[in-house]
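Asks: So the chains spell out like this:
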Amino acid sequence: MKVLSFLLLFFAGVSLTAETKSESFVLKDNCPPSFELTKQGICRLVTQYQFYTSVQGRGLGGTRTALPPHRDGFTPEQIDLGRYLFFDPVLSKDGTISCASCHQPDKGFSDARDRSIGITGKKVARSAPTLWNVAFLDKFFWDARAATLEQQAQGPLFDAMEMGNTPEQLLATLRNNPDYQVMFAQAYPKASDIELGMVYRALAAFQTSLISLNSRYDRYAHGYHQALSQREIAGLNVFRSFVARCAECHQPPLFTNNQIAVIGTPEPEGRPFDMGAENTYHVSQLKGGFKVPTLRNIVKSAPYMHSGRYNKLIDTVKFYNDGRGNAVPEDQELLLHWHIAEPNLTDEEMQLIVEFLATLTDESLTPQIPKHVPSGLAPIDQAYQQSINNKQITTNDNNKATEQHGD
Amino acid sequence: MSSGKIVAALLVVAAFVGGSYYGSVQVAAPVITNSSEGASYGGGYEQSSDSDASGQEAKPSKQVRYKSQVADRSIAGQTHVVNDGESIMAAVQNAQPGDTIQVMPGRYHETVYIDKDNISIIGVIEQGKRAVLDGKKQLNDAILYSGNNFIVENLEITNYKGNAIMGQAGNNFEIRNNLIVDTGVYGIFPQLGKNGVVEYNIVSGIEDAAIYVGMSDNIHVAHNDVFDSVAGIEIENSRHAIVENNNVHNNTGGILAFITPGLPIKTTFDVIIRNNFIVGNNHKNFGAPGSTVSGIPAGTGILIMAADDVVVEDNIIANNKTAGILITDHDNAPNTTIDPESDPKPDRVMILDNVMYNNGYDSIDEVKALLLTEFKQGNADIIRVGASEDSCIINRHRYTSAGVNKWQECAFTNTDELLSYLLDEPVAPRVIDPAERGSVVYNGICAGCHTYTGRMIGPPVQIIQALYMDNPQGIADYIANPSKKREDYPEMPPQNYLDEKTRLAAAKHMLSVTR
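Each protein sequence line maps, in turn, to chains P and R.
Its first residue numbered 979, the first sequence is counted upward by one per residue in this note's numbering.
Its first residue numbered -19, the second sequence is counted upward by one per residue in this note's numbering.
Everything labelled a hint here was simulated from the structure, so no lab data went into it.
Be a bit skeptical, because a hint or two may be false.
[Said to hold, decoys possible] To give an idea of the interface, some chain R residues facing chain P are shown, with a C-beta separation under 10 Å as derived from the structure:
1) Ile55
2) Thr80
3) Val165
4) Gly424
5) Asp479
[Unchecked claim] Computed footprint of chain R on chain P; a stretch qualifies when at least three of its residues, placed anywhere within it, have a C-beta under 8 Å from a C-beta of chain R:
6) 1218 to 1228
7) 1359 to 1366
[Said to hold, decoys possible] Distance condition first, Cα-Cα at most 27 Å in a straight line; then the derived DSS-like pairs of lysine-lysine:
8) P:Lys1265 / P:Lys1006
9) P:Lys1017 / P:Lys1168
10) R:Lys141 / P:Lys1117
11) R:Lys481 / R:Lys464
12) R:Lys481 / P:Lys1296
13) R:Lys47 / P:Lys1006
14) P:Lys1071 / P:Lys1265
15) R:Lys141 / R:Lys117
16) R:Lys117 / R:Lys264
17) P:Lys1017 / R:Lys488
18) P:Lys1265 / R:Lys325
19) R:Lys264 / P:Lys1265
20) P:Lys1117 / R:Lys325
21) R:Lys116 / P:Lys1296
22) P:Lys1296 / R:Lys117
Beta carbons: idealized from backbone N, C-alpha and C, even for Gly.
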């Protein structure tokens, strides 16, 4: 009896707090799942990979390998403020798109497009990379031109083709919004006014909470070998074999080695050759070089490659299998990565790799999309809201149909 | 520019250099250093300052001989016997940490992967007959291991397309007494591991390196016979490695100490190459186009590229037609990419006594041109090209060389005091406080579905706390074998992959959290 009344009280409490929060944008004071609140009031990431070591502390290798150094240590309020900013289209010049427009949680934090569309309605230069596990990266953008998430944020925010904003306008917008004034004061209690650095930092705080380390592969890695089917294990063995060599660059446990690689993937028809990291480092040896992307949640983030050239995973695997330099334009001289070889995998082996990649899916820590954002605009963007509404209408219609059928 | 032009251009330069050289220097008696006594090189490695090498400081630094065994094998597990016609992999799947798989002579056609700790695979050799792993040119790799404390011994491995033995981050490995013939890319390839030995193996017919130590630390490669491959023994992006007492012959390049650019681990240093036979490595280069080794000129005894603190001592280096020892930076190496995070120069190369004979007798034009810059002709023993700081050499008068005239005399003559870079104690698995284990599992796994208050995928922790109060075992039992309890929640997947102690620790932690 006592338990029952306790539960009743408790549920009443929960529903009350939930409502108040959505009304007045009170930032969460608890850490996201997988993070532990320390005595200092900051969130520390906790994972089972802490049980292991790695050579030189670089987080590379086999199944039981420690992760590389990562960003954490933000307060719960900073992370939650970042979440509101991330989903709020007010960050763009005209309030039409948010960060989440190109990094949608249900699309692997990408956008299911070959190349993203910014405020101009035109496609930008490259496809939107996933944000899962960015806490572990030290290079950002396909061409590695930013070293921190804070630097990275300024790219899309102020790029005329992407969100098109200016630092002045962004600052003015936020400073003039009473909700954001309160929220920034909660996240940065020592600051007297909103500054741009706080915006970048909050976005970084939120993005570093996007952790995906509880896939079926991870259970296998931690010793529960029944987590994968025999075919998936066979796929893992092709993936890490020295014939396919996938795992040499897409190294466990992050399934990236955080390096630049020149692989010579083809541009879609009609697109000019992309110089990639050559522009970042100003050395011809890195012409056509791009960051090695993580393969975590890869089945969720099609299309693939910097150009979105491939819609299906099997086609990306085939690209590698077709042999070294198979798509390098005749007028380009590329210093291809030595692991780009001629593996001659069978169709069955390629299929096994694709099946293995599906075991890297874990979206259990997907954050909630806020129901409302302080600007009053539709969270993510109007188009996204429209698609949600359409879905709901379809679902309702279906329900109606069922009901009618039942009648 | 054609190589003929390079030679001509260098000749012009050399004429000027030579003029000033002969104008200023008298020919003096050479400095002869007695290598049978003298100071010993201490190496660059302090176990006591290595956080992975625990409990070392009380041990004396001098060892009687290098320890062939790198991990504690005192806990005897079960022995699983695999007979001809049975599956080695099936035995590995049934094995527990500590167990030994004993493979009887016969032919086995499989890929064996070992993703658990403390497993030994020992081939039984009966009257010279071995357990043979035959990939029939269809299978990719023979042995893939990622567990710690792995042993593989006495196997014969042939006809695989990838590698014979490939390690992925296992520490404390022992790869010993294997016979490896014609297996695709690498013969023995421990990668990203710490503390391991590769010894008494025979490896031949490999299109990259017969023995390739990649991105690893504290390695001992000894008593191997490697031949007829593109590279014999390669130490790449690795530290604290000793390569000794090996017979390295008829490869394209004999022994290599490299930094390969573009890898996530950026350094090679503290490498000792001593007491090896490095003879007649003149095999035609059959490396895959684009591979780093495909640029090695046939007839290279030792190649040092960008690696630091490399000691070359007491080797017999003979009959390598291009040169006995080539030392280069990244800028002068063919088809090599760049890496802004790697130092391209080979610094602190130390060449002590070596017997060098009949090297460079049919060399490439670039080597001849480099000799000419010092007005030398004939057979190249030691060639250095590009930048190198603080390198040293003793008894340089013995060798035909280019690029080492300005190197200083080494302050030591031997490495006798350094028996091994292997650790006194194996790299230990991290010991996790049970309380910490509970927190890790709770935060890493449980919190994905349960928040303290409010609905997520599973019911809130506060509810679970109310139900189980003082009964953590109840939670531990439930999560191992859950049943559907709430109509409006999905059924919980079993967490029986966590061991009993871990489940209880997580349950206790779940009952203790307050927000």
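Asks: For a quick check of understanding: which of the numbered hints are violated here, in increasing order?
Replies: 1, 2, 7, 8, 10, 12, 13, 14 and 19
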